[in-house]
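A.B. asks: Turn these sequences into a full structure, and let the hints guide you.
There are 2 protein chains.
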Amino acid sequence: MLKIPPHQVAGHQAGNGKLGPLVDESGRFYKPLQGDERGSNELKFYTSFSSNSRIPEHISKFFPTFYGTQLIEASDGSGLKPHLVLEDLSVGRVNPSIVDIKMGSRTWAPEASEEYIQKCLKKDRETSSLPLGFRLSGIQIYGNRESGYWKPERTSMQNLPAEEVKLILKKFVSSNTSTDMDLQPDCAFAATVYGGSTGILSQLLEMKAWFEDQMMYHFYSCSILIMFEKGLALEGQNPGGQIKLIDFAHVIEGRGVIDHNFLGGLCSLIKFISEILTAPNEHKSLVSSVNGVN
Amino acid sequence: MLKIPPHQVAGHQAGNGKLGPLVDESGRFYKPLQGDERGSNELKFYTSFSSNSRIPEHISKFFPTFYGTQLIEASDGSGLKPHLVLEDLSVGRVNPSIVDIKMGSRTWAPEASEEYIQKCLKKDRETSSLPLGFRLSGIQIYGNRESGYWKPERTSMQNLPAEEVKLILKKFVSSNTSTDMDLQPDCAFAATVYGGSTGILSQLLEMKAWFEDQMMYHFYSCSILIMFEKGLALEGQNPGGQIKLIDFAHVIEGRGVIDHNFLGGLCSLIKFISEILTAPNEHKSLVSSVNGVN
Numbered sequence: 001m002l003k004i005p006p007h008q009v010a011g012h013q014a015g016n017g018k019l020g021p022l023v024d025e026s027g028r029f030y031k032p033l034q035g036d037e038r039g040s041n042e043l044k045f046y047t048s049f050s051s052n053s054r055i056p057e058h059i060s061k062f063f064p065t066f067y068g069t070q071l072i073e074a075s076d077g078s079g080l081k082p083h084l085v086l087e088d089l090s091v092g093r094v095n096p097s098i099v100d101i102k103m104g105s106r107t108w109a110p111e112a113s114e115e116y117i118q119k120c121l122k123k124d125r126e127t128s129s130l131p132l133g134f135r136l137s138g139i140q141i142y143g144n145r146e147s148g149y150w151k152p153e154r155t156s157m158q159n160l161p162a163e164e165v166k167l168i169l170k171k172f173v174s175s176n177t178s179t180d181m182d183l184q185p186d187c188a189f190a191a192t193v194y195g196g197s198t199g200i201l202s203q204l205l206e207m208k209a210w211f212e213d214q215m216m217y218h219f220y221s222c223s224i225l226i227m228f229e230k231g232l233a234l235e236g237q238n239p240g241g242q243i244k245l246i247d248f249a250h251v252i253e254g255r256g257v258i259d260h261n262f263l264g265g266l267c268s269l270i271k272f273i274s275e276i277l278t279a280p281n282e283h284k285s286l287v288s289s290v291n292g293v294n
Numbered sequence: 001m002l003k004i005p006p007h008q009v010a011g012h013q014a015g016n017g018k019l020g021p022l023v024d025e026s027g028r029f030y031k032p033l034q035g036d037e038r039g040s041n042e043l044k045f046y047t048s049f050s051s052n053s054r055i056p057e058h059i060s061k062f063f064p065t066f067y068g069t070q071l072i073e074a075s076d077g078s079g080l081k082p083h084l085v086l087e088d089l090s091v092g093r094v095n096p097s098i099v100d101i102k103m104g105s106r107t108w109a110p111e112a113s114e115e116y117i118q119k120c121l122k123k124d125r126e127t128s129s130l131p132l133g134f135r136l137s138g139i140q141i142y143g144n145r146e147s148g149y150w151k152p153e154r155t156s157m158q159n160l161p162a163e164e165v166k167l168i169l170k171k172f173v174s175s176n177t178s179t180d181m182d183l184q185p186d187c188a189f190a191a192t193v194y195g196g197s198t199g200i201l202s203q204l205l206e207m208k209a210w211f212e213d214q215m216m217y218h219f220y221s222c223s224i225l226i227m228f229e230k231g232l233a234l235e236g237q238n239p240g241g242q243i244k245l246i247d248f249a250h251v252i253e254g255r256g257v258i259d260h261n262f263l264g265g266l267c268s269l270i271k272f273i274s275e276i277l278t279a280p281n282e283h284k285s286l287v288s289s290v291n292g293v294n
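If you're matching them up, the sequences are chains B and A in order. Numbered per the working numbering, the first sequence spans residues 1 to 294. Numbered per the working numbering, the second sequence spans residues 1 to 294.
Check the hints yourself; a few may be wrong.
Restraint-style ranges between C-beta atoms, simulated for each label pair [claimed, not checked]: (1) B:164 to A:56: 28 to 34 Å; (2) B:126 to A:238: 30 to 36 Å; (3) B:110 to A:36: 28 to 34 Å; (4) B:56 to A:209: 20 to 26 Å; (5) B:163 to A:238: 43 to 49 Å; (6) A:59 to B:34: 42 to 48 Å; (7) B:110 to A:111: 20 to 26 Å.
If you want the footprint, here are the derived chain B segments under chain A, 3+ residues with CB under 8 Å [stated by the list, open to error]: (8) 56–66; (9) 82–88; (10) 102–110; (11) 128–139; (12) 208–215; (13) 264–277.
Because the hints were derived from the structure by calculation, they are not lab data. Every value quoted in this text rests on a predicted model; they were computed, and no experiment measured them. Ideal Cβ placement from N, Cα and C applies to all residues, glycine included.
C.D. replies: Following this line, the structure appears as structure tokens:
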């Protein structure tokens, strides 16, 4: 029984007769193999990566498990089509808060076609990719049973200035996001989601150490997903904060150089998260002191 | 008594009636203030940086000391012109080996003019900036009293692939560079120049830690100079390996974001230097084992 993934926040989406990924009940995610180079390139990456003995386990856990390819009925009704069979990353999650962050100030590889380069360059310049080294590609923030999810229009997230990106990353780990989005986020779950020895920051730093060293792959235009369960955080339990890397249609070989483009964006993201952890109420206390409360 | 700097390896150079920097005997370096935005921007940077109390001393030492501006006779005979007065970085050096490395895979700031952006982007794509995150802008390697300096054509250094850049960075710290440039470099001084607690790698890592944190400036199109005295190394003395940052005509404000573009290139450079330290004879032993020597 295939269905449309309930928690996809970016990328092509199935539904309304469109082609997009599907999930089954056994925890597998079926991603249509794009007909052009992108499809064959992503398959090439998964095939190489999943059999690469030089990937340490503490790094491979950041990637979806790859189960090969399979012909299944495409979501757009166009018949049997080849799909990548991957781990469904939302398995076991009830009401996940998810943000999709497209990494790198440059989303194109040097050897891409001129047309593709110009298209990407234009988008990188129009969005926050160029100034920030990454852009928010999509987000859903769980509020509570009544409010459900806050899931803003994807394009509205892509070109925010630094201060607003920081605000979104604060809202992402706040308890007061559902009722009034103009409220200063309280960052109630910053310490438990972003912080701690197994939190998001630790995971990003683990990934950074690998990127400072590995010269096997350059990950153009791929995304980091950050996920956690606000429900668990509200109950005082470990919210299961987790990062995953996805979307490998533009991965190329490293050729004796580290992926400085991805790494630069990763360091920038790490700085945002670190600052939120260090001064979660920075803006609030500024307001308070202006009001004479402090 | 102003004269042409004897050890300049990149940038505009005085001589033959051209406009370029001059030095005096008291250790000052006079850089003509470029007439356009670049001149005023570089002056703005030096003025801001030299009075910025948030720059720790272990970082400010990587920058030339700034002594203000002065009207002096320009090197091209065009009369009195305003010059930046800076520390002459070659003071006290006898036969310095120097490499000038232009940092960042992108040498243009987002707000530059469209014409300038297109010019830089073209050059970044044609050189090793895009793939490597930096490009070699100029180099001089001291051989010995007889051979003098190896100082290849600057443009020949800018678009080398990773393996050749690595070879140049090996030659830079080798004793056998002067006689036969086709010889595998012996990396005789790698440990004393690149390695050690005060060596080049340590300095680069110190700089990296600052770039992971600082959000004051973004250093587009600036260079890292690496310098040392081979003569001292040959005598078994400390070769005085030193890095300096120069050329700030395209520095802009950080606006709440780290300089991920410079940082990415810096991490890439650090990886090259680390690899040379870890496996200085990598290529040689490969050759040896092919020849059955090992």
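A.B. asks: Give a verdict on every hint.
C.D. replies: Now for the hints, and whether the structure bears them out:
Checked against the hint of 28 to 34 Å, the pair residue 164 of chain B and residue 56 of chain A passes, with Cβ atoms roughly 30 Å apart. Evaluation of the 30 to 36 Å hint for residue 126 of chain B and residue 238 of chain A yields a failure: the beta carbon distance comes to about 51 Å. Restraint check, residue 110 of chain B to residue 36 of chain A: a C-beta distance of roughly 30 Å satisfies the suggested window 28 to 34 Å. Remark: the range hint 20 to 26 Å for residue 56 of chain B to residue 209 of chain A is upheld by a beta-carbon distance near 24 Å.
At roughly 47 Å, the beta-carbon separation of residue 163 of chain B and residue 238 of chain A lies within the given 43 to 49 Å, and the hint holds. Look at residue 59 of chain A against residue 34 of chain B: about 46 Å separates their beta carbons, and that is inside 42 to 48 Å. A beta carbon spacing of about 24 Å between residue 110 of chain B and residue 111 of chain A agrees with the range 20 to 26 Å that was offered as a hint. With 0 residues having a beta carbon nearer than 8 Å to a beta carbon of chain A, the stretch 56–66 of chain B misses the requirement of three or more and the stated coverage is violated.
Here's how the stretch 82–88 of chain B fares: 0 of its residues keep a CB closer than 8 Å to some CB of chain A, so the rule of at least three is not met and the hint is violated. Under the rule that three or more residues need a Cβ within less than 8 Å of chain A, the assignment of the stretch 102–110 of chain B holds, with 3 such residues. Judged by the Cβ-Cβ criterion of 8 Å, the stretch 128–139 of chain B is covered by chain A as claimed, because 4 of its residues qualify and three suffice. Look at the stretch 208–215 of chain B against chain A: 3 of its residues bring a Cβ nearer than 8 Å to a Cβ of that chain, three or more, so the hint holds.
Counting residues of the stretch 264–277 of chain B whose beta-carbon sits less than 8 Å from any beta-carbon of chain A gives 6, enough to reach three: the coverage restraint holds.
Of the numbered hints given earlier, the model fails hints 2, 8, 9; all others are met.
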